[in-house]
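> Residues per chain, in single letters:
Number of protein chains: 2
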Amino acid sequence: MHSLRVKLKKRSYEILVGNNILVSLGRHLKKLALGDTAYIITNALVKNHYGNLIAKSLRRYGFGLKFRLIPDSEKSKSLKIASSVIKDMTRYAGNKKLFVIALGGGVVGDLAGFVASVYKRGVPYVQVPTTLLAQVDSSIGGKTAVDLEEGKNLVGTFYQPRMVFCDTRTLKSLTPRQIKSGLAEIIKCAVIRDKKLFLYLEKHLLLILELKPRQVERVLLPAIAVKARVVEADEREEKGVRTILNFGHTVGHAIESAANYRIYNHGEAIALGMVVASDISREYGFINNKTQERIVTLVKAAGLPVRIKKVGLGGIIARYYQDKKFVGPKNRFVLIRGIGKTKIVRDVPLQLIKKSLRKTIYSQV
Amino acid sequence: MHSLRVKLKKRSYEILVGNNILVSLGRHLKKLALGDTAYIITNALVKNHYGNLIAKSLRRYGFGLKFRLIPDSEKSKSLKIASSVIKDMTRYAGNKKLFVIALGGGVVGDLAGFVASVYKRGVPYVQVPTTLLAQVDSSIGGKTAVDLEEGKNLVGTFYQPRMVFCDTRTLKSLTPRQIKSGLAEIIKCAVIRDKKLFLYLEKHLLLILELKPRQVERVLLPAIAVKARVVEADEREEKGVRTILNFGHTVGHAIESAANYRIYNHGEAIALGMVVASDISREYGFINNKTQERIVTLVKAAGLPVRIKKVGLGGIIARYYQDKKFVGPKNRFVLIRGIGKTKIVRDVPLQLIKKSLRKTIYSQV
Numbered sequence: 206m207h208s209l210r211v212k213l214k215k216r217s218y219e220i221l222v223g224n225n226i227l228v229s230l231g232r233h234l235k236k237l238a239l240g241d242t243a244y245i246i247t248n249a250l251v252k253n254h255y256g257n258l259i260a261k262s263l264r265r266y267g268f269g270l271k272f273r274l275i276p277d278s279e280k281s282k283s284l285k286i287a288s289s290v291i292k293d294m295t296r297y298a299g300n301k302k303l304f305v306i307a308l309g310g311g312v313v314g315d316l317a318g319f320v321a322s323v324y325k326r327g328v329p330y331v332q333v334p335t336t337l338l339a340q341v342d343s344s345i346g347g348k349t350a351v352d353l354e355e356g357k358n359l360v361g362t363f364y365q366p367r368m369v370f371c372d373t374r375t376l377k378s379l380t381p382r383q384i385k386s387g388l389a390e391i392i393k394c395a396v397i398r399d400k401k402l403f404l405y406l407e408k409h410l411l412l413i414l415e416l417k418p419r420q421v422e423r424v425l426l427p428a429i430a431v432k433a434r435v436v437e438a439d440e441r442e443e444k445g446v447r448t449i450l451n452f453g454h455t456v457g458h459a460i461e462s463a464a465n466y467r468i469y470n471h472g473e474a475i476a477l478g479m480v481v482a483s484d485i486s487r488e489y490g491f492i493n494n495k496t497q498e499r500i501v502t503l504v505k506a507a508g509l510p511v512r513i514k515k516v517g518l519g520g521i522i523a524r525y526y527q528d529k530k531f532v533g534p535k536n537r538f539v540l541i542r543g544i545g546k547t548k549i550v551r552d553v554p555l556q557l558i559k560k561s562l563r564k565t566i567y568s569q570v
Numbered sequence: 206m207h208s209l210r211v212k213l214k215k216r217s218y219e220i221l222v223g224n225n226i227l228v229s230l231g232r233h234l235k236k237l238a239l240g241d242t243a244y245i246i247t248n249a250l251v252k253n254h255y256g257n258l259i260a261k262s263l264r265r266y267g268f269g270l271k272f273r274l275i276p277d278s279e280k281s282k283s284l285k286i287a288s289s290v291i292k293d294m295t296r297y298a299g300n301k302k303l304f305v306i307a308l309g310g311g312v313v314g315d316l317a318g319f320v321a322s323v324y325k326r327g328v329p330y331v332q333v334p335t336t337l338l339a340q341v342d343s344s345i346g347g348k349t350a351v352d353l354e355e356g357k358n359l360v361g362t363f364y365q366p367r368m369v370f371c372d373t374r375t376l377k378s379l380t381p382r383q384i385k386s387g388l389a390e391i392i393k394c395a396v397i398r399d400k401k402l403f404l405y406l407e408k409h410l411l412l413i414l415e416l417k418p419r420q421v422e423r424v425l426l427p428a429i430a431v432k433a434r435v436v437e438a439d440e441r442e443e444k445g446v447r448t449i450l451n452f453g454h455t456v457g458h459a460i461e462s463a464a465n466y467r468i469y470n471h472g473e474a475i476a477l478g479m480v481v482a483s484d485i486s487r488e489y490g491f492i493n494n495k496t497q498e499r500i501v502t503l504v505k506a507a508g509l510p511v512r513i514k515k516v517g518l519g520g521i522i523a524r525y526y527q528d529k530k531f532v533g534p535k536n537r538f539v540l541i542r543g544i545g546k547t548k549i550v551r552d553v554p555l556q557l558i559k560k561s562l563r564k565t566i567y568s569q570v
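Residue numbers (the working numbering), protein chains in the order written: chain G, 206 to 570; chain Y, 206 to 570.
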């Protein structure tokens with residue numbers, strides 16, 4: 206088992222990564238002394254896979270526990286569901302000393318983190334991410350959120366977990382498409398901050414796609430480290446450092462949204478966003494053709510899309526302007542000036558964004 | 206105008222206190238640079254009194270603004286209303302850089318603070334308390350909350366305001382009962398931490414009840430200072446220091462709740478709680494009869510109840526055990542060992558609590 210620490214003074218915590226480590230969850234929780242009863246937020250699918258294992262591990266260390274199931278859907282990440290979960294917690298709590306476990310992917314993690322952050326002004330919570338995307342990205346850094354009909358992630362908090370517990374064995378139950386979606390965030394971490402990781406990905410991509418434990422850990426750990434170091438430098442996204450994690454996300458979110466969250470999942474949209482952002486970087490002369498091509502080649506080799514299909518330029522641009530990161534007419538773009546090096550550019554001309562988008566949009570002409 | 210600083214490192218802020226200062230709100234907001242548009246959460250009554258004055262002051266300094274009215278009722282402090290306010294903010298926001306103003310009493314302050322803390326993971330907010338209770342207590346310290354049907358304050362955050370702006374002139378529009386309710390918290394601050402304030406209250410109570418600006422400020426400022434110093438020492442109620450603010454609240458909350466929040470308002474219930482807590486302190490031998498009588502006399506002179514009517518012992522004890530501050534079978538009582546000195550006692554025997562309650566419950570035998 207490997208361990209990485211996110212250093213945030215009183216809010217510091219460990220990220221544990223290993224293969225087949227769920228069996229030891231109870232022992233690790235015991236050391237943290239978060240409470241006597243675990244309120245485990247998850248979905249039916251994940252509970253079917255790991256519920257018994259986790260319950261056994263927790264009971265062995267004297268924990269009481271309750272599983273609270275939410276539908277396995279992005280729609281579960283709503284203020285309405287959060288409210289219903291909190292009410293259920295209240296009724297269940299009695300005199301117990303509760304803590305929350307987020308067991309699942311990004312939806313469960315964001316929702317459970319939010320619920321834990323506001324229930325009685327905050328109870329401790331632990332992330333047990335079971336998707337690659339959640340292990341490398343959403344479980345780390347304390348961003349919690351739920352959606353409103355008016356838009357995604359409009360309600361949330363910054364609230365750090367007390368531990369992140371990544372069992373790479375849980376990845377075996379993912380679909381290939383889910384694996385690739387997580388890989389997109391790993392590639393992003395490499396592109397913005399870790400050239401060695403990029404080189405490793407170029408060489409060993411097939412073994413990673415086959416989920417060989419050694420190779421998966423070999424890319425998961427440095428990607429998590431990138432995220433952890435950035436979060437340490439700018440916990441609440443106030444200093445402009447955490448912004449670099451949005452590489453590929455500015456355009457990616459617009460594509461996801463223009464496609465009504467149907468055609469592309471998060472990782473796929475981010476893959477497309479990275480293709481566009483690296484092309485804009487090339488247009489600025491920050492990177493050469495070869496570097497841009499290497500990025501596109503890696504994204505493609507990971508089985509991720511590099512051409513935008515079924516979504517038009519107009520739709521993407523319209524959504525782009527609605528992004529909550531763009532207050533006022535100004536934008537702030539994360540570009541790169543080499544593999545592993547970012548450059549934040551303000552006020553990228555719309556014409557340039559459109560030009561790179563047009564190149565990326567698939568056309569049969 | 207007087208100014209007091211709450212020192213919480215990056216989250217420090219000023220509490221401004223003065224008579225007839227609302228007219229300068231815009232100027233003070235301008236210096237803080239919180240955003241370009243104020244989303245003002247209030248109720249119709251308060252808006253009728255001060256809406257025009259505030260709008261004029263803000264517009265003079267270039268702020269856009271919107272008043273969002275919520276019903277003037279404890280029922281407005283619900284997750285449902287919070288959700289509806291957030292949705293309204295989202296629709297109104299567009300490309301504006303919003304900040305929130307909580308204009309009103311405790312209900313508005315707790316709700317607006319909560320909304321500000323979770324909207325887009327936190328936007329700045331300012332407290333403009335218009336009741337004595339809110340000026341001396343709820344607007345300071347960053348505790349935000351909304352109620353569930355299952356109980357009060359079950360959902361909330363710790364989220365500090367960027368300024369607290371107390372115009373004592375707004376107290377003129379309060380009912381005498383509201384003034385007395387605020388006085389209960391001022392008396393509490395004196396009893397737990399400020400003997401000089403207690404002596405001043407004993408001497409000048411009538412002028413304070415008549416809302417003479419000089420005398421009101423003379424008690425408001427030290428009471429606010431007590432709250433501010435305690436919050437500085439224990440922002441998130443983790444170190445046991447902030448607990449002393451609960452003097453009179455343990456039993457007080459139980460009385461409020463047993464009376465279904467109808468017979469007693471918050472200050473009145475706290476007054477009764479202080480009578481009981483000081484009697485328990487006397488039973489322990491921490492204070493003598495004379496000291497206990499001085500407290501009861503001051504509470505009574507402030508027009509606050511010192512005898513519990515229309516609520517029975519059984520009901521109070523039952524609610525007492527439901528209090529969220531009592532996890533498990535143990536209790537933690539804030540007692541006093543003199544005017545201005547507290548002592549936290551664990552596991553006060555139920556028999557002792559009952560004994561002091563019985564003495565305080567009005568009986569016609």
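Bear in mind the hints are in silico, worked out from the structure with no lab data behind them.
Mixed in with the good hints there might be a few duds.
The list makes no distinction among identical chains, and a pair is therefore deemed to hold if it is satisfied within one copy or across any two copies.
Calculated cross-link-like contacts (lysine-lysine; reagent style DSS-like; alpha-carbon spacing at most 25 Å) [said to hold, decoys possible]:
1. K535 to K236
2. K301 to K535
3. K408 to K535
4. K271 to K261
5. K408 to K214
6. K505 to K261
7. K535 to K325
8. K215 to K546
9. K214 to K271
10. K215 to K444
11. K235 to K252
12. K292 to K325
13. K535 to K285
14. K302 to K444
15. K271 to K401
16. K400 to K535
Bear in mind the structure is a predicted one, so any value in this text is a computation, not a measurement.
> I want to check one pair: K214 and K271. Are their C-alpha atoms no more than 25 Å apart within a copy, between two copies, both, or neither?
neither (31 Å within a copy, 39 Å between copies)
> Pop the pair K271 and K261 into one bin, within, between, both or neither, using alpha-carbon distances up to 25 Å.
For K271 and K261, the Cα distance is within 25 Å only inside one copy (12 Å; across copies 54 Å).
> At most 25 Å between CA atoms: does that hold for K271 and K401 within a copy, between copies, both, or neither?
Answer is neither; intra-copy 43 Å and inter-copy 52 Å both fail.
> Under a CA distance limit of 25 Å, which applies to K505 and K261: within one copy, between copies, both, or neither?
neither (42 Å within a copy, 58 Å between copies)
> Cα distance capped at 25 Å. Does K535 pair with K285 within a copy, between copies, both, or neither?
neither (33 Å within a copy, 34 Å between copies)
> Go through the copies and call it for K408 and K214: within, between, both or neither, with a Cα cutoff of 25 Å.
Answer is neither: 37 Å inside a copy and 48 Å across each miss the 25 Å cutoff.
> Check K292 against K325 for me: Cα-Cα at most 25 Å, and say if that holds within a copy, between copies, both or neither.
Both: 11 Å inside a chain and 23 Å across chains, each within 25 Å.
> At most 25 Å between C-alpha atoms: does K400 with K535 qualify within a copy, between copies, both, or neither?
Neither: 30 Å inside a chain and 56 Å across chains, both beyond 25 Å.
> At most 25 Å between alpha carbons: which applies to K302 and K444, within, between, both or neither?
Classified as between: cross-chain Cα gap 18 Å, same-chain 36 Å, threshold 25 Å.
> For K301 and K535, with the copy left unspecified, which applies at a CA distance of at most 25 Å: within, between, both, or neither?
between (49 Å within a copy, 12 Å between copies)
> Have a look at K535 and K325 and pick one of within, between, both or neither, based on CA distance no larger than 25 Å.
between (38 Å within a copy, 19 Å between copies)
> At most 25 Å between C-alpha atoms: does K235 with K252 qualify within a copy, between copies, both, or neither?
within (21 Å within a copy, 52 Å between copies)
Checked against the numbered hints listed earlier, the structure breaks hints 3, 5, 6, 8, 9, 13, 15, 16; every other hint is satisfied.
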